[in-house]
Amino acid sequence: MNIDKKIVDDLVANDVSFVTTVPCKQLAGVIEEVDQRDGIFHIPSNKEDEGMGLCAGAFMGGKRPAIIMQNTAIGVTINTLATLTQFYRMPLPMIISYRGELREPVACQVEMAVHTKALLAQLNIPTYHFHWQKDVEEFDNILKYTFMSNKPVAILTDANFWGGYGDQ
Amino acid sequence: MIRSEILKEIAPILNPHLVVCNIGLPSQELHMIDDNERNFYMLGTMGLSSSIGFGLALAQDKPVISIDGDGSVLTNLGTLPTIANNATGNYTLLIIDNGSYGSTGDQPTYAGKKTNLTNVARACGCDNVIEVQDKDLGPVLQAAIDSDEMTIIVCKCDSGNIKLPVITLDPVVIRHRFMEAVKA
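Residue numbers (our numbering), protein chains in the order written: chain G, 1 to 168; chain U, 1 to 184.
What the hints contain is simulated information worked out from the structure, not anything from laboratory work.
Be aware that a few hints might be false.
Below, a list of computed lysine-lysine pairs in the PhoX-like style, where the Cα atoms sit at most 25 angstroms apart [said to hold, decoys possible]:
#: 1; chain 1: U; residue 1: LYS163; chain 2: U; residue 2: LYS183
#: 2; chain 1: U; residue 1: LYS183; chain 2: G; residue 2: LYS144
#: 3; chain 1: G; residue 1: LYS117; chain 2: G; residue 2: LYS151
#: 4; chain 1: G; residue 1: LYS151; chain 2: U; residue 2: LYS163
#: 5; chain 1: U; residue 1: LYS114; chain 2: U; residue 2: LYS135
#: 6; chain 1: U; residue 1: LYS114; chain 2: U; residue 2: LYS8
Remember, it's a predicted structure, so these values are computed and weren't measured experimentally.
With the hints as constraints, model all of the structure from the sequences given.
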C-alpha cells in the first residue's frame, strides 16, 4: 500500500480541497502527493499558526481545509487552536508527524513528543495515533468525524508508521 | 487621524464587502461604527487577520479586505511571503500603521521606529504595495478593491484610542452569519 496516496485519496474523497503544509521529512511524500493533485489547492505556510489562519478563512469561504505539520507545532499553535479554531467551532484535520517516538534518531524531538498527547488532551482535541500501517484504514472515518463535529482533530503519525526514519 | 477616525471614514467603502478585522480595538471600533454580517471580528489570535482573510480570498471569488495593524503584522511576518507568492486579485490587505500596539496601551512597535513595513512587504515579494497617509486612504482603498490586482496598503496614521465596550457577540454567531454572507 502506498500510504501517501491513500491519505491524499481519502482527503479528496472527503472533499478536502485546501491544504496547507509545513515541511517534515516524514511527511515529504504526502506533501508531494498533495501538491500534485488537481483537486487540492496546496499552500505552504511559514508557521503553523499562520496555516491555521489560512484554513479558517478557507473554511468560511466554503472549502474543507486540512493542515499537515509536525507535533512540535502543537507548542506553537495552542492559542490559535483555542481562540480561533475551537472558539469559532471550525473543523480542522491535523495530519501530524509524531516526531520523537519509537525509531526517532534525534533526541531533542523526544522533548516535545512527551508533551504532545498531554497538550492535545488538555485542549480536548480528539487524537488518533497511527503506529502501524494498517492504522491508516481509519483515516477516512476520522475525516468524516472531523467535519461532522466541527472540531480540530489530531492524527499523530509516528516513524514506525512511516516505515522508519531514514538511516539509523 | 487615529484608527477609529479612519475606520469611520472608510466604513461606507468597506460595507458591501467581506472584511476580516484585527483583534481588539479595531474590531470593537468597526463593530460600533458599522456592524453587519459581512464583518468577521477576531476575538482572539493576534496576528492572523491577514491569514484568515487571505484563506477566504483564495477559497472564493468575492473581494476580501483584511484590516490589520503594524503590530499584528509584525507578530505574523511570515504572512507576507505567503501572500506574495500566492497572490489573488480579490484580496486587499489594509495595514493601519500607527506605530503602536493600540489595544494594549499604545506601546511603540518597531514599525514606528526603524522598520518600514512598506519595504518589508515589497522585499517579501508583494508586487503592489502602496503607502498612504490617513487622510488619503479612501480613494486608494476603493481603487484597490476595484482592481484585479492584489494590493497591500500601508496606511500611516497617529496612535490613539477611543473608549468602547468589548464585543459580546458569540463567536459562532459571528462565524455563522459571516459564512451566510459569503454564500449570499
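Here's how the hints hold up against the structure:
1. U:LYS163 <-> U:LYS183: 34 angstroms, violated
2. U:LYS183 <-> G:LYS144: Holds, because 23 angstroms separates the two Cα atoms, which is no more than 25 angstroms.
3. G:LYS117 <-> G:LYS151: The given pair, whose Cα atoms are some 17 angstroms apart, holds under the 25 angstroms limit.
4. G:LYS151 <-> U:LYS163: Since the Cα atoms of LYS151 of chain G and LYS163 of chain U sit roughly 35 angstroms apart, the hinted pair is violated (cutoff 25 angstroms).
5. U:LYS114 <-> U:LYS135: 23 angstroms, holds
6. U:LYS114 <-> U:LYS8: 29 angstroms, violated
Checked against the numbered hints given earlier, this structure breaks hints 1, 4, 6; the rest are met.
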